[in-house]
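Two independent chains are provided; combine them into the complex using the hints.
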Amino acid sequence: MRDQEILLIATSVILTLIFTNLSLFLKSFSSSPFASPEIKQAARQMETDSFRKSEQDFWSKIKDIDFDKASPKSASSAVKTEQKPAIQANKATAKIAKKLSPPKPKLTRLYRKFLFIGDSVMLDLGTQLQYTLKEKYNITDTKIDYKVSSGLNRIDYYDWYARTRELINDYQPDVIIVLFGGNDTQDINDYQGKYRVIMTKEWQKAYQERVDKYAELLKYSSVQKVYWVGQSISNKSSYLNQFPVMNDIYKKASKVSGRIQFISTWDTFAERGQFTPVVADKSGKRGYVKVNDGLHFTSHGAQIISDLIVDKMATDKVLKVPKKKP
Amino acid sequence: MLFPTYQFLVFFLILCSAILSLKHQVNLYKIVLLLSSLLFYSFWSFDFLLLLVLGTAYNYIILRAVGNGKYKKLALISGIIFNIANLGIFKYCNFFVTSLFDVLNQLKISASFQVLQILVPVGVSFYTFRMISHLIDCYQKKLSCPKFIDYATYITYFPQIASGPISRAPEFYSQLNSPKKYDYKIEEVIVLILSGLFKKYTLSSFLFNFTQLPFKVPQQYSSIDLILATISYSCLIYVDFSGYSDLANGISCLLGFKPIVNFNMPYQSLSLQEFWKRWHISLSEWLRDYVYIPLGGNKHGKLRKYVNLFCTMAIGGFWHGAGLNFIVWGAIHGLGLVVTHLCRDIPQAIHLKLDFYNSRIARFMSWLLTFSFVTGSWVFFGTPNWETAVHFCQGIVHSSVKTFQFNFWQLYLVIAVIGAINFWGDRIAKILQIMFSLKNIFFRVVLVSLFVYAILMLGPSTVPPFIYFNF
Numbered sequence: 090m091r092d093q094e095i096l097l098i099a100t101s102v103i104l105t106l107i108f109t110n111l112s113l114f115l116k117s118f119s120s121s122p123f124a125s126p127e128i129k130q131a132a133r134q135m136e137t138d139s140f141r142k143s144e145q146d147f148w149s150k151i152k153d154i155d156f157d158k159a160s161p162k163s164a165s166s167a168v169k170t171e172q173k174p175a176i177q178a179n180k181a182t183a184k185i186a187k188k189l190s191p192p193k194p195k196l197t198r199l200y201r202k203f204l205f206i207g208d209s210v211m212l213d214l215g216t217q218l219q220y221t222l223k224e225k226y227n228i229t230d231t232k233i234d235y236k237v238s239s240g241l242n243r244i245d246y247y248d249w250y251a252r253t254r255e256l257i258n259d260y261q262p263d264v265i266i267v268l269f270g271g272n273d274t275q276d277i278n279d280y281q282g283k284y285r286v287i288m289t290k291e292w293q294k295a296y297q298e299r300v301d302k303y304a305e306l307l308k309y310s311s312v313q314k315v316y317w318v319g320q321s322i323s324n325k326s327s328y329l330n331q332f333p334v335m336n337d338i339y340k341k342a343s344k345v346s347g348r349i350q351f352i353s354t355w356d357t358f359a360e361r362g363q364f365t366p367v368v369a370d371k372s373g374k375r376g377y378v379k380v381n382d383g384l385h386f387t388s389h390g391a392q393i394i395s396d397l398i399v400d401k402m403a404t405d406k407v408l409k410v411p412k413k414k415p
Numbered sequence: 411m412l413f414p415t416y417q418f419l420v421f422f423l424i425l426c427s428a429i430l431s432l433k434h435q436v437n438l439y440k441i442v443l444l445l446s447s448l449l450f451y452s453f454w455s456f457d458f459l460l461l462l463v464l465g466t467a468y469n470y471i472i473l474r475a476v477g478n479g480k481y482k483k484l485a486l487i488s489g490i491i492f493n494i495a496n497l498g499i500f501k502y503c504n505f506f507v508t509s510l511f512d513v514l515n516q517l518k519i520s521a522s523f524q525v526l527q528i529l530v531p532v533g534v535s536f537y538t539f540r541m542i543s544h545l546i547d548c549y550q551k552k553l554s555c556p557k558f559i560d561y562a563t564y565i566t567y568f569p570q571i572a573s574g575p576i577s578r579a580p581e582f583y584s585q586l587n588s589p590k591k592y593d594y595k596i597e598e599v600i601v602l603i604l605s606g607l608f609k610k611y612t613l614s615s616f617l618f619n620f621t622q623l624p625f626k627v628p629q630q631y632s633s634i635d636l637i638l639a640t641i642s643y644s645c646l647i648y649v650d651f652s653g654y655s656d657l658a659n660g661i662s663c664l665l666g667f668k669p670i671v672n673f674n675m676p677y678q679s680l681s682l683q684e685f686w687k688r689w690h691i692s693l694s695e696w697l698r699d700y701v702y703i704p705l706g707g708n709k710h711g712k713l714r715k716y717v718n719l720f721c722t723m724a725i726g727g728f729w730h731g732a733g734l735n736f737i738v739w740g741a742i743h744g745l746g747l748v749v750t751h752l753c754r755d756i757p758q759a760i761h762l763k764l765d766f767y768n769s770r771i772a773r774f775m776s777w778l779l780t781f782s783f784v785t786g787s788w789v790f791f792g793t794p795n796w797e798t799a800v801h802f803c804q805g806i807v808h809s810s811v812k813t814f815q816f817n818f819w820q821l822y823l824v825i826a827v828i829g830a831i832n833f834w835g836d837r838i839a840k841i842l843q844i845m846f847s848l849k850n851i852f853f854r855v856v857l858v859s860l861f862v863y864a865i866l867m868l869g870p871s872t873v874p875p876f877i878y879f880n881f
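For the protein sequence lines, the chains are A and B, in the order given.
Counted the way my numbering counts, the first sequence spans residues 90 to 415.
Counted the way my numbering counts, the second sequence spans residues 411 to 881.
It is possible that part of the hints are untrue.
Claimed, not checked - The calculated DSS-like cross-link candidates involving lysine-lysine, where the alpha carbons are at most 27 Å apart (straight line), are:
hint, chain 1, residue 1, chain 2, residue 2
1, B, Lys518, A, Lys371
2, B, Lys501, A, Lys325
3, B, Lys812, A, Lys223
Source of the hints: derived by calculation from the structure; they are not laboratory data.
Excised from the complex, chain B in its bound form (with noise of 0.2 Å):
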């Protein structure tokens, strides 16, 4: 079930109804959102369900090893393998055979088996990555052992089980738990609502038409085509991904969560370290917490920590999909963090200060540098695979086509528009908040009204899926 349909609208109205007056009664309102959870999963699949309940009960049964028992260490080690097991069999198992298939066919090995071919089923790697942590955490007894009802809601909770933000799970059980929920404002859920609409149902789904064609066929597309291609595709995952977390984030506030800041206008970042702070935090943070710091983080010296942080963004790249260019994506990403970390460091070694740094030029210059690199990377990100995304790279340098086919005003103020929700998102988000925030009831449902009728006409007719659910 996708957030923005009819089938979602009247299941949470439903839901709503029933859950906002239980908010404050703890254990019925942990039993109805549980369920609420499971039920929304289900419109997947059932098959699915049943996976998503067999692993939850698996996994509190190795918590309760990891909390109590005498072979924590082995408990936490067979718990964490049997969640990249699990990742593995449904993510990466076609990755795997297909890749063992072109390793025969280059050897000129003739291989007559069959294989099966496994469905991924919807979030398991946002899922998977809540019961790692949540196993890691209380193994170093940052956590303790939850009631089974806890450990379940937080694993199935519906707004963010098919494409995060990664909530972390101290967080998640004190508001739980609370009798005082969130204390959300109205005008604060109406603009995330809206501003996950907007991107999502006008902006993504009209960039998406841009980005199809040049992904799969560049041959076709003239350089410069190219080149726009690639700064949609750029703003494309950008409001689609966060118009989801929006979405999720609205939602999440009137069940009595807090919301999680998934996405802080990244696109301004002045470099690839700010990038990832402000991109994917969730994410970002756990890669941190649970692989980057792990592996040494930078307590074992700079080569050791330049070692570290390309592995954490390489293996990063591999969790966003089983493909030898998303494992390239994030190498690239891992070895653009080098080398911000090589410039920041060499400097301050030889005690060489570098003033120009805060001229307006040079933070121009390294927001520039930083959004093209970000932009380039994704080439590596939205290709199906290897050999497309060479021939698109070929393609922006020289290509053969010279028709220049997206010289469209529409697609001018796409990206205009996405420019200034990057970098005024903020205030935009402060103004629409002060609008809405207005007492009488009439002209609020009149100007939400108008502004959900605006993004429905401006919407094309077909609303592609969300970006982020394939991984």
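Next up, chain A with everything else stripped away, as it sits in the complex (with noise of 0.2 Å):
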């Protein structure tokens, strides 16, 4: 009796949840395997409520703060200022321009601000990056913004748009270093709302169409870089197939502008094609490079793929060894 008692209860305390809120409801939904995609197509297509959309606010602004506001080294740095707008306004931001604030007086001084952009595995590279660029470079002005679980598909979960918007608008970067894709390799709601199951070809076109909006967002902008990291091999098969079409995807997106270039991390974890989990860095020095989801970075691989874009930086001279001082 108390058994049947429980399940009542709890029936009913899921179907009243549901029918409480229904958007919630079909959302979580969404996310499993049962859904159908036609729930699928529904659930993305719906708006985030206004409660969402504060928490997600809450938590862009803890990331939002600058790490050496109160530093005395990036407060006594002069430079000399210009005026230049953060987005520069054309068909496809011209809507945008008008709602941003007015722009903040630009460094003239070249690469001084490094802006970090990603799911997760950004937080792991971009540490890496951050280290890296003040060790070698002195460079202190840098900046994270990561999210787990989000990516360029799901745009009805973390809208990167918008906040790439704001980001360079609030923190006026010189380059970015922008890494996707982990969290994409799922279905897609093209821009006409349509379902597209992953890996076809309308969710490549899908897919395309959320990248090129993106670097469009950034020829646009008062950026003077941007790297594009692509997607490195894994040991997991689903991505073996799904990265290298990424990859196309981002190296296509780039070519938008000059000012983009993309990076290909492809063949640093490869050898003969294949993936290799044990790797060597500069120095010689070996270890794993994966965490065992195939997807994630150790702190020794995200060294590696940092010395890289480090290297392809200096190249570009984006990056000048700073002298000693005698």
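Shown next, in the form of structure tokens:
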């Protein structure tokens, strides 16, 4: 009798919750394997409720803090400034530009502010990049902005376009390093609202549109250089099939502007075309490069990719080794 | 499959509907429970499932030899070696290989050989511990060799396989084989499940965001932020793990098993000894019975007792994770326990009576010292490696960053709520049980719905995985 009662309570509670907030239920349920494509499509088209929006704003506020705001070094470094809009208006961004806050003074000194954008993989890579830039090039004005489980596929979950515009306006970076894709390996709703199954031609077209839109946003911004980091080889078969296609999409989108450059990392952890779990860094030190999920870097793997990016920036003269004081 | 997901909800509702009517048909009940556990585990990976099934079968063969054969000791040793090797390969292989590369790098020896990257099966540490303790119990004749289906159900029991609590075989078998299952109260189950959801979904997910970056890049935070991050982590690991235990216990109650108290408001402890009697109780007791006592316990003099305590805690630390920082964390607690024992043993030896121990100030100071010690030691537990832990500790003492970044009332509120749970958790649970003991089912449904709705709304959109799933 008691067992039946508890089952009745559980079922009633679930039904009550579903009917009191159907959109919340649909959004949660759509991520489960039981949801049909129709439910997934419907859930993604629903607007995020105001509570979730305020929650996202709260976390953005935490991440928004300028780490070195109080640092005496950055405060004392007097530089010339000029007025330049953070994001230049074009057809695609004309609407958005109207909403933007007035542009802030822009640093004329090249490449001092570095912004790292992406998902949780960028957290691993970004922390290593921050460390290398500080140690080797004495660059402390860096910022990581990451959101776990996000990407360019599910803009309904986290709007990277809006967040990036906000970051560019507020932080005014000179260089942006972008890494997306880890959470984008899922079905997509295209701009017509149609549900597209992953890796189909329609999916590729829809994802290309998402990525192109992001590249356009960067193209018409005040950022002087953008490095779009591709996904590296993995031991997971699903990633082995998906990442090369996605890397092609990023590469194609990067061609929209000379300021955007695609950095291929695919072969960095490969030997004869196969994933190799242990790789040596520049100093010859060997270690595991990816954690068991086949996606996130170990600190050793992040260091190798970070060195690759830093070398590229040095070749492009984005970075210069500081002169030692006599 | 994680507990707070729709996937699990569907699985559990179907299972409950099927299994609850079978509770009194012992044999059929066992079969359904075993199949459900295997199905639950298969959601992670079929390879892991195969490993679990093979490990269970092999251990059962050894168990038969330990129980009946001529070469009991040999069988026991081979069984323990097999289980430790199994754990070593799947959990520690990557650590040993990394350590080997570190040594070779230090010696500047070029090593070109390739190695495999091994995935850690979910719950391998927990089920291996159960397998080892079962072998020892059978060898010591505390337990007779069970039927295979009983043994397999015990090892694979799904509410506890991923993160415990580590149940003991005798209690499990007696409940499994009895047609009279645990006589739970509806309000008890509701409170356990709501408590688990609230701790995990609302509190732990909130604190997760305050601990991620400081524990990865402590150099970017001020001393006060790092202290707040440490307190946050201390609270996070408590609510995350005890939340899981609450959910596991709630589900176990429904399946007819008595809940295992795994956490008993640990941060109100006045000494480190007391802390380990309140924190992860099932593991502490396992380590006491199967590591500390076999090492000699306190039967071979004081010095040996201290060494045994230290070794047990260091082993416990290494069990948690394959890394130097985990060994250091265990060793710190081992040292702390040795000092705690010394503080009691020395006055006893010289017949010194310390009456001030019972004064309010002394009690408060003991609490503060214990809490600070435990919280500080989490730095080594939560940071990804030894170097970051050192940077973190340096940052607490002196940091070049002065901006106070974590000054949010929401954070203080969450810490205060966890403090209240920690000090008055038992009273809060009782009050909630009285609230949910309403006779009218309609009001019960409304009340539970309100609580679940509030928990879901207060939780962030992304719920991180349970911390103890890594162990």
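Each hint tested on the structure:
no., hint, verdict
1, B/Lys518 <-> A/Lys371, "holds, 14 Å"
2, B/Lys501 <-> A/Lys325, "holds, 19 Å"
3, B/Lys812 <-> A/Lys223, "holds, 18 Å"
In this structure, every one of the numbered hints holds.
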